[in-house]
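Produce the entire structure from the sequences given, and follow the hints as far as they go.
Line by line, the protein sequences give chains A and B. Per this note's numbering, residue 1 is the first one in the first sequence, and the count goes up by one each step. Per this note's numbering, residue 1001 is the first one in the second sequence, and the count goes up by one each step.
Each statement offered as a hint is correct.
Distance condition first, Cα-Cα at most 30 angstroms in a straight line; then the derived DSS-like pairs of lysine-lysine:
1) 224/A - 212/A
2) 234/A - 254/A
3) 212/A - 223/A
4) 212/A - 1091/B
5) 1091/B - 114/A
6) 297/A - 224/A
7) 212/A - 297/A
8) 224/A - 234/A
9) 1017/B - 114/A
Listed below are several chain A residues computed to face chain B (Cβ distance under 8 angstroms; list not exhaustive):
10) 51
11) 73
12) 76
13) 77
14) 81
15) 83
16) 85
17) 86
18) 89
19) 91
20) 103
21) 105
22) 106
Just so you know, these hints were derived from the structure itself, not from any lab. Quantities reported herein were computed from a predicted structural model and do not represent experimental measurements. Ideal Cβ placement from N, Cα and C applies to all residues, glycine included.
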Amino acid sequence: MRYAIEAERLTKRFRDLAAVDGVSFTVSESEIFGFLGPNGAGKTTTIKILATLLRPSSGRATVNGYDVVRQAASVRRSIGMVFQDSSLDERLTAEENLLFHAVLYRVPQREALKRAGELLELVGLSERRRDLVRTFSGGMRRRLEVARGLLHRPAVLFLDEPTLGLDPQTRTHIWDYIRLLHRELGTTVFLTTHYMEEAEVCSRIGIIDYGKIIALDTPAGLKKLVGGDVVAVKAADNRELRDQVRQRFCLEGKEDGEAVYFETPDGRTFIPELVRAVPDVREIYLRQPTLEDVFLKLTGRAIRDKGGDAVEWMRIRHTAWRRRRRG
Amino acid sequence: MQGFLAAVYIIWLRDVKRFLREGTRILAMLGQPVLYLLIMGQGLRATFRVNIAGFDYLEFVYPGVIGMSVLFTAIFSAVSIIWDRQFGFLKEVLVAPVPRAAIAMGKALGGSTTASMQGLILLILAPLAGVSLGPEQVLAIAGLMFVMAFAVASIGTLVAARMETMEGFHLVTNFLTLPMFLLSGAFFPLKTAPAWMQPLMRLDPVYYGVDALRNVIFAGSPLKSFVVGQTLTGDLLVLFCFSLVMTGLGMLAFSRTE
Ligand SMILES: Nc1ncnc2c1ncn2[C@@H]1O[C@H](COP(=O)(O)OP(=O)(O)OP(=O)(O)O)[C@@H](O)[C@H]1O
Ligand SMILES: [Mg+2]
Chain A
1 MRYAIEAERL TKRFRDLAAV DGVSFTVSES EIFGFLGPNG AGKTTTIKIL
51 ATLLRPSSGR ATVNGYDVVR QAASVRRSIG MVFQDSSLDE RLTAEENLLF
101 HAVLYRVPQR EALKRAGELL ELVGLSERRR DLVRTFSGGM RRRLEVARGL
151 LHRPAVLFLD EPTLGLDPQT RTHIWDYIRL LHRELGTTVF LTTHYMEEAE
201 VCSRIGIIDY GKIIALDTPA GLKKLVGGDV VAVKAADNRE LRDQVRQRFC
251 LEGKEDGEAV YFETPDGRTF IPELVRAVPD VREIYLRQPT LEDVFLKLTG
301 RAIRDKGGDA VEWMRIRHTA WRRRRRG
Chain B
1001 MQGFLAAVYI IWLRDVKRFL REGTRILAML GQPVLYLLIM GQGLRATFRV
1051 NIAGFDYLEF VYPGVIGMSV LFTAIFSAVS IIWDRQFGFL KEVLVAPVPR
1101 AAIAMGKALG GSTTASMQGL ILLILAPLAG VSLGPEQVLA IAGLMFVMAF
1151 AVASIGTLVA ARMETMEGFH LVTNFLTLPM FLLSGAFFPL KTAPAWMQPL
1201 MRLDPVYYGV DALRNVIFAG SPLKSFVVGQ TLTGDLLVLF CFSLVMTGLG
1251 MLAFSRTE
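Laid out in structure tokens, this is it:
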């Protein structure tokens, strides 16, 4: 069996920080594989190594069977890349950006024009194709970038947080056609995200934290790590609540700021017992486990706690500021 | 090889397209040379006296002003490489299956094309300087401007290959352009310069560019032997060799970027 991507004890050190720390995984052809992890986990660094933009400090990786260090040119020929931060030329039109790309990837001009037309149609930018990219909104730019990454029909497509900072509607839109293209062209997709809902789309997910893969499985498999249902409870005193539940039910709760989460095989019978045992409960919420719970269970932290959000907002603001300065 | 040429072509084309879209900036760039020509030219005209019949300082300075304008626009055209790096576009090229050396070549060609297009606009100032040009001269000047611009743009490209920030780039290029400008012989001929300065002037690529322009503008004039330092062929030879070395180094620098 040939793998689209193979990584073996991949490590990247920036001075004394191991941004990627002995990561090993394989991605089969035509798979949608996701990296899920908080800010600074090492997702972008991994992608850059696989795309030949960074040299690993140690370990090895192949993409489409080519070594990312020794056969960088062959790797580059066979991949498409959508970077986390925009890499469009704002002073060219949407169509010009695509045609520039086509020349770099040696797509013949007639074919390039045809594909550019199709892709712009697909991402809903046909009407704007002759407009300068600097007049585009963030979502439109993102869509154009995804289209560009697909123009040369790469065997493997890397998407680094393809929907960061987009509104939910645009996010759904982008996902719809990533899936469509995956279905129609059989492209292998390697993506990173820290949106849980997006990770669900993947056939398999690697959860990465501090440069290490701490779990790797199908979304359903990962959720099985959480035992059964999740019951989220808010009480007047969360500490008191955890103590009582620990004594009464032998269950350890996890807290993420406001609510306490308990994993239990059967949530429906647990809730009435809990209410009887702990009278000052204010809210109770029962749900199936999500990947968020998986992350919480594995690391004891929420993947996007308030700190993470603040960092993300800073980054979005920072990008906007740079754009303004330039424009 | 074909991939290399295709990449050079498209990188060049992008720069030219972007340049042509900046109509107002192109006109604004005309201001500085006009000031130099009028203020410096007129001001120095009175003090720079030579006992040669028919010598007019403005006419002498005009090719120097063209050379200067080409120098500044060509070297700063490489600033777009720093922009591309900071705003992410460079990644699009770095991850593409093309030799990275193509960036150096494409950028140097793009920069020299736009710089010589700007230089061409300066030809409309010729009457101001009392210079009249025939069509062959205009063609020759256009070609020379391109050759000189390429030599200078390849210096800019080499610097930009190594620089991460705008500040760093400006620091280094300012440090380079000022002596190149002053030693170019734009405002005084090499022959009248002090002996210690002459070898320094001969190290300056812009000197050969300006000298080549004077070779063309003063062709057939009795003043030629005074204003010109060496033959046109000599000038071109130096400029070609210089460009070759600089572009080579630039291509090497880009091939090594991670
Ligand atoms: N060029 C660099 N020099 C030094 N440190 C770096 C460099 N690039 C990344 N790092 C560090 O490596 C770590 C991993 O960064 P990386 O960009 O891979 O995170 P990420 O998982 O993509 O995070 P995010 O979700 O914020 O995009 C971070 O701690 C970051 O500060
Ligand atoms: Mg990242």
